[in-house]
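Next come the chains, spelled out residue by residue.
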Amino acid sequence: MDMRSLLRTLERATLRDIALVCLADALVGASFGAISVSGGLPLWVPVVLSVLVFAGGSQFAAVGVVLSGGGVLAAVATGLVLNARLLPFGFTVADVLDGPWWRRLVGAQLITDETAAFVLQQRGPRRRRAVFWLCGIALYAVWNVSVLLGAVAGGMIGDTDALGLDAAFPAVLLALVLPSLTDRRTRTAAVVGAVVAVAVTPFVPGGLPVLLALVGLLFAGQPGAAEASDGKVPTDEASAGETSEGENDGRPPAGEASERKAPVPAGRVVRADPPMTMKEAAR
Amino acid sequence: MMPLYAVLLLAVGTYAFRLAGPLLGGRLTLSDRLRHLLAVAAAVLLVALVATGALTQGHGFAGWARPAGVLVAGVLAVRRAPFPLVVVAGAATTAVLRLCGVG
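From first to last, the protein sequence lines are chains R and W.
Using this note's numbering, the first residue of the first sequence is number 71, and each one after it goes up by one.
Using this note's numbering, the first residue of the second sequence is number 10, and each one after it goes up by one.
Just chain R, with the same shape it has in the complex (with noise of 0.2 Å):
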């Protein structure tokens, strides 16, 4: 399968929604190789951690962890747990990996929510296929060297407090996480776990308040429900009852406006965020 015959089974607009992608996601990365280095690591960290991990919230959370004086084995099992959202993926994806095991072994590396949310987008096999692995290549090629490039030039910042830097890294994973809590029960289980982690701070060891968070589930309801407000399909029970308008939060139907908009998977968070604001900003 050669580049051309991949880029002519795509559209234009997919195409330019990748490198939309590609450009968000450097900006990411960039700041990801910065924060790391300037927070105190040694270069290799970020640069490793971009190239076997590959997945952006779990390596801001893992050296956010690290960083703030937590524990190793609370910043793996945080970045652990932050990519168990894969697995659903990984199943989403399947159908495009069919083949020889070495395609399965490479691509599976290059499962993340931007591909997967692509994948969905496209219709049929042949265009399934070319954009999982057009977008999977790119944003690992961008990715990679944008850290590389924030990790260089992280090491040359003197006084980081000076510049606020320790904000921009809560700020970064803010960006990025917002689009996941339009979800009213998904909201309710981030206060919770937030409000938790933060009272919990002075008393437990480093790392362990974020997974403490986890309590937040609690709060976290059924599939079913959380479709119902999150204004995909209102069914009859969920507009019967107290929800009129205000569930859909004044987005508009499914369909219209939003067609345009990314792909997105239900639990598209993380990386994917900057991708929609600059989109939207591009308009």
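It is possible that part of the hints are untrue.
Between beta-carbon pairs, the in silico distance windows are [as the list claims (entries may be wrong)]:
no. : chain 1 : residue 1 : chain 2 : residue 2 : range
1   : W       : D41       : R       : V274      : 27 to 35 Å
2   : W       : L37       : R       : L288      : 23 to 31 Å
3   : W       : V105      : R       : M226      : 17 to 25 Å
4   : R       : R193      : W       : V105      : 43 to 51 Å
5   : W       : L13       : R       : V270      : 41 to 49 Å
6   : R       : P170      : W       : V87       : 43 to 51 Å
7   : W       : L33       : R       : L288      : 27 to 35 Å
8   : W       : H68       : R       : G194      : 48 to 56 Å
9   : R       : R82       : W       : D41       : 31 to 39 Å
10  : R       : V285      : W       : Q66       : 19 to 27 Å
11  : W       : G69       : R       : R74       : 53 to 61 Å
If you're looking for bench data, these hints aren't it; they were derived computationally from the structure.
C-beta: ideal position from N, C-alpha, C; glycine also.
Go by the hints and put chain W onto chain R.
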């Protein structure tokens, strides 16, 4: 410090999550309940990281400058400002507050 074994643990675990679908695709399906829980868990962890990262340093309060910067970034992000602006404005707010003597 982040030792190499920690990086490798995270890498191997993450790869396993990725590979399960392509390897088992036809023979196994995930329940909607599990999919939902995994997605919410990711959001919960990230928000907790934002909160602790913004408010705490070690076992104590991080001072007012940092959460103020994160708040500015959050408002901009909600208003769908471009990503670079969100991050730079957050850091700049914190930096200016510190310049003015706010902790």
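For each hint, the structure was consulted:
1. Checked against the hint of 27 to 35 Å, the pair W/D41 and R/V274 passes, with Cβ atoms roughly 33 Å apart.
2. Separated by about 27 Å at the C-beta atoms, W/L37 and R/L288 satisfy the suggested range of 23 to 31 Å.
3. Under the hint 17 to 25 Å, the C-beta atoms of W/V105 and R/M226, about 22 Å apart, fit the expected range.
4. At roughly 50 Å, the beta carbons of R/R193 and W/V105 sit within the given window of 43 to 51 Å.
5. For W/L13 and R/V270, the hinted distance range of 41 to 49 Å is not satisfied, since their beta carbons lie about 30 Å from each other.
6. Distance hint check for R/P170 and W/V87: the Cβ-Cβ separation is about 46 Å, which falls inside the suggested range of 43 to 51 Å.
7. For W/L33 paired with R/L288, a C-beta distance near 29 Å keeps the hint of 27 to 35 Å intact.
8. Taken as a hint, the range 48 to 56 Å holds for the pair W/H68 and R/G194, whose Cβ atoms sit roughly 55 Å apart.
9. Distance hint check for R/R82 and W/D41: the Cβ-Cβ separation is about 35 Å, which falls inside the suggested range of 31 to 39 Å.
10. The hinted window of 19 to 27 Å between R/V285 and W/Q66 holds, with their beta carbons roughly 23 Å apart.
11. Distance hint check for W/G69 and R/R74: the Cβ-Cβ separation is about 58 Å, which falls inside the suggested range of 53 to 61 Å.
In the structure shown, a violation is registered for the earlier hint numbered 5 alone.
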